[in-house]
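S.K.: Chains as they are written, first to last, in our numbering: chain A, 7 to 369; chain B, 108 to 204; chain C, 414 to 707.
Distance condition first, Cα-Cα at most 30 Å in a straight line; then the derived DSS-like pairs of lysine-lysine:
1. A:358 <-> A:138
2. A:173 <-> A:92
3. A:308 <-> A:259
4. C:580 <-> C:477
5. C:580 <-> C:605
6. A:173 <-> A:131
7. A:173 <-> C:654
8. A:358 <-> C:490
9. C:580 <-> C:529
10. A:142 <-> A:92
11. A:92 <-> B:167
12. A:173 <-> C:490
I should point out that these hints are in silico values taken from the structure, not numbers from a laboratory.
Here is what each chain is made of, one letter per residue.
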Amino acid sequence: MTKLAFTDLLAKLRLSESGDCLSDQRWEQVVRLARSSGLVARLALYAQRFGSFRPPESVAWTLQSAHSYWLAQQRIVQWELYELEKVCSFLGLPLIVLKGSAYCAADLHAGLGRVFNDIDILLPKSKLGEFKEALKWHGWYQLPLDRYDQHYYEHWMHELPPMRHIKRGTTLDVHHNIVPETCSLCPNAQLLLDAAVNIDGTAYWMLSPEDRLLHSATHLMLGGEFDNGLRDLTDIDLLLRQACDDDADFQRKLLARAAQLGLALPLFYALWACKALLHTPLSDSVLHELQSTAKLGRLRLKLMTAILLAALRPSHPLCDGLGVAVARWLLYLRSHWLKMPPQLLIPHLLRKAWLRLSNSEAH
Amino acid sequence: MIDDAPAFRLFTAFEIRCRQFDGEWLVYHAGTGDTHCLQGDTAALFADFYNHPSAMSAEKLYDAYTDLAPADIDAILASLTERHLIKRVEQGADAKP
Amino acid sequence: MPSHDAARVLQIGPFRVRIHCDIPAVKQGLDRLYADYPQHPSSVFCDFQIRLFPPVGIRRFIRKQVIFAFDQFIPFKPLPYNQAMPFFEWGLNWCISGYAHRFLIIHAAVIEKHGKALMMPGTPGAGKSTLCAALVNQGWRLLSDELTLIDCQSGVIQPVPRPVSLKNQSIDLIAQRYPDAIFSPVVNDTLKGSVALMKPPQAAVVRADETAMPAVVVFPAFQPNAELSLAPLSQATAFMKLADLSFNYSVLGSVGFDVLANMVADCRAYDFAYGGDFDQAAETFDALLGDAAS
Chain A
7 MTKLAFTDLL AKLRLSESGD CLSDQRWEQV VRLARSSGLV ARLALYAQRF GSFRPPESVA
67 WTLQSAHSYW LAQQRIVQWE LYELEKVCSF LGLPLIVLKG SAYCAADLHA GLGRVFNDID
127 ILLPKSKLGE FKEALKWHGW YQLPLDRYDQ HYYEHWMHEL PPMRHIKRGT TLDVHHNIVP
187 ETCSLCPNAQ LLLDAAVNID GTAYWMLSPE DRLLHSATHL MLGGEFDNGL RDLTDIDLLL
247 RQACDDDADF QRKLLARAAQ LGLALPLFYA LWACKALLHT PLSDSVLHEL QSTAKLGRLR
307 LKLMTAILLA ALRPSHPLCD GLGVAVARWL LYLRSHWLKM PPQLLIPHLL RKAWLRLSNS
367 EAH
Chain B
108 MIDDAPAFRL FTAFEIRCRQ FDGEWLVYHA GTGDTHCLQG DTAALFADFY NHPSAMSAEK
168 LYDAYTDLAP ADIDAILASL TERHLIKRVE QGADAKP
Chain C
414 MPSHDAARVL QIGPFRVRIH CDIPAVKQGL DRLYADYPQH PSSVFCDFQI RLFPPVGIRR
474 FIRKQVIFAF DQFIPFKPLP YNQAMPFFEW GLNWCISGYA HRFLIIHAAV IEKHGKALMM
534 PGTPGAGKST LCAALVNQGW RLLSDELTLI DCQSGVIQPV PRPVSLKNQS IDLIAQRYPD
594 AIFSPVVNDT LKGSVALMKP PQAAVVRADE TAMPAVVVFP AFQPNAELSL APLSQATAFM
654 KLADLSFNYS VLGSVGFDVL ANMVADCRAY DFAYGGDFDQ AAETFDALLG DAAS
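Given only the sequences and the hints, what does the whole structure look like? Please build it.
M.R.: Right, dumping it as C-alpha cells:
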C-alpha cells in the first residue's frame with residue numbers, strides 16, 4: 007500500500023505517460039505525498055498545462071487552491087525583481103536571476119507550480135560589497151548571524167548571508183557562484199557570468215540553458231538537503247525537456263559544458279535519477295559518456311544510486327520514513343565531504359550536530 | 108462602473124485594476140499587491156487619469172500632490188499613500204486565524 | 414500512527430475531514446456537536462487529515478499537552494490537554510483559511526434567510542459570535558460563525574456550518590436565553606478565555622450545500638447598554654474593511670479584488686452598534702434583508 011502511493015505520485019509526475027486512473031483513496035495519498043514534497047501546485051499545473059492527467063473533481067479543488075497560492079508567489083517574485091533591477095541598474099550591473107526566480111521570470115516550464123521561499127541572484131564576487139551597501143538603502147538588511155556562521159558565509163560559502171526586506175519580508179540570497187569555493191567541484195564563476203542570457207522582454211538575465219541545468223543538478227547533489235529533492239528532480243526533468251525541444255543539439259552541448267566546468271559527476275547522478283524515476287527522455291550514451299568523464303566506478307555507482315533513490319522518496323509515513331532519513335543523512339555527509347576540506351569539515355559537522363542536540367533539548 | 112480598462116501598460120509593467128463606487132475609487136496594483144481607496148479630490152483626479160490615461164493626466168494627478176517628476180503609477184500611488192491621502196490594504200496583511 | 418480505519422470521516426460544509434483522535438474529550442465533542450454531519454466511508458478523498466494526540470515523553474504525565482497535526486505538518490505549539498476540542502476547531506479553521514483558495518475567505522459570521530446572506534465581519538470582541546448564536550436560535554440559518562466562504566467562480570456564499578464558539582460571559586448569556594441549545598463542556602484558561610462550543614441546529618448542517626446570495630454586511634460593535642444604531646457605509650469603505658478582515662485576499666490577488674468588488678456592488682453595508690438586545694437586532698436585520706429583496 008505504502009509503496010503504491012509513491013509509485014502513483016511518480017506516475018503523475020511523468021510527463022510522457024498518463025498513469026493509472028486512480029481511486030479516491032489513492033488520490034488522497036498522492037496529494038499527501040505531493041504536499042510533503044512541495045509538489046501539489048506542480049501537479050495542478052501538469053494537469054492544466056500539459057493535460058497529462060485529469061483529476062476527479064474533489065482532487066481538482068485541492069490542486070486549484072495550490073495553483074492560486076503559486077500565482078500569488080509569482081506576483082511577489084515579479085515585484086521583487088522589478089525592485090531589485092532598479093538597484094542593479096543604478097550600479098550598472100545586470101540582474102542575473104537563479105533557480106525558481108529565474109524560471110518564474112522567464113516563464114519556463116520549470117517554473118510551473120514551482121514554489122520556493124527566497125529570491126536567488128548571481129553577481130560577480132568583486133561587486134558584492136558595493137551591492138550589499140546599495141541593498142541597505144533599498145530596505146534590505148542581513149538576518150542576524152552568530153560569529154561562526156558569519157565567518158562560514160564570508161569565507162566558505164558561495165553566497166552572502168540571507169537578506170530580508172524590512173517592509174515586504176521577502177528573503178534574498180545573493181550568490182557569487184553556484185557551489186562553495188571550498189568545494190573541489192567549484193567552477194569558474196566568470197564562465198557562468200559570461201554565458202548568461204537575457205530574459206526575453208525584460209531587463210533581467212539568467213544562466214544559459216546548460217548552466218541552468220548544471221546549477222539545478224549541483225544544487226540537488228551538493229546542497230546537502232533533500233527535503234525538496236523530488237521537486238528539484240522534476241525541475242531538472244522540465245529544464246531538460248524544454249531545452250531539448252528548443253535545441254536538438256542540447257544534450258551534446260550539455261555534456262561539453264559539464265566537462266568544461268568540471269560538473270560531470272553531479273550532472274550524471276541527477277540525470278540518472280531523472281531517468282530512473284521520471285522517465286526523462288535521455289539516451290543511454292549520454293549517461294555513459296558522463297559516467298566516464300566523471301571517472302565513476304561500478305561499485306560507487308551502485309552504492310550511490312541506491313542511496314539517491316532512497317533519499318528522493320518523500321519523507322512521509324506513507325513512504326517508509328526510516329530508510330529515507332538514513333539515506334538523506336548519508337547524502338548530507340557526502341555533500342559536506344565534497345564541499346569542504348577535512349580540516350574544516352570535521353569541526354563544522356561537530357558544531358552542527360551539537361547545535362541540533364542542544365536545540366532539540368530546548369524544545 | 109467602467110468596464111473596458113484602458114491600457115495601463117503605458118505607465119507600468121504591472122496590471123492595475125480599478126472599480127468605482129459613487130465617486131470613490133478602488134485601485135488594485137498587481138505588482139505591489141496593495142489595494143488603494145481613493146476619495147474626494149484624489150478620486151476625481153484619478154478618475155480623469157483613468158478615463159483619459161495620458162502622460163498629461165498622470166502628471167496632473169501627480170503634480171497635485173508632489174513636486175517630483177511623474178515616473179509611473181507605482182510612484183504616484185506610493186506618494187499618495189505616504190501622504191495618507193488614500194487608504195490601502197497591504198499585500199500580505201491577511202488576517203491570521 | 415493510528416491505523417486508517419480508526420479515523421472518522423466527516424463532511425463539514427464543502428470539505429471532507431479525516432480525523433484521527435483517541436482523546437476522549439474530542440471523541441465526545443465530535444459525538445455531541447457533530448452528530449448531524451454526514452459521515453463517509455474511509456475510502457473517500459479527504460481534503461484534510463487531522464490528528465490530535467499527546468506528545469511523547471515526560472509531557473505525557475506532567476502538565477499534559479495536545480498536539481494538532483495536519484497530515485505530517487504541525488503548525489502550532491502544543492496546548493494544554495483539556496483544550497483538545499477547541500484546538501480541533503481552531504486547527505480546522507487554520508486548514509480551511511490556508512488551503513481553500515477557491516474561496517475568498519473573510520473573518521465573519523454569516524447567517525441566511527430567504528436565500529439571502531447577512532455577514533457580520535468582526536475583530537475579536539465585536540460580539541459577532543454571540544449575535545450569531547442568538548440569531549441562529551431565532552430561526553436564521555447558520556452558514557458559518559467564523560469563516561465566510563465566497564465562491565470565486567460564482568460569487569455566492571458557501572456554507573460551512575460549524576459549532577459556534579462562545580467566550581466568557583456569552584456562554585451563560587446564550588445558554589440561559591436559549592435553554593434548548595446544546596453545548597460542549599466549558600474549557601477554561603484558553604488564550605481566548607473560557608470557551609464553549611454550541612452545537613449548530615440540525616437544519617443548518619443538513620442544508621450545508623445550499624448556497625446563499627450575499628445581500629447585507631453589518632460590522633457589529635457591542636457596547637454594553639448602547640442604543641442600537643445603524644450607519645450606512647459606502648461600498649468602497651466596506652470593501653476596504655472586508656479586505657482587511659480577509660484571510661486570503663492577498664493570496665487571490667486580482668481575483669480576490671474582483672470577487673470582493675462584485676460582492677460589495679450587490680450588497681449594502683452598515684456599521685452596527687448594539688447593546689445586547691437580541692430581539693431588537695433580529696428585527697433590524699429582518700428589515701434589512703426585506704429591503705434587500707427589492
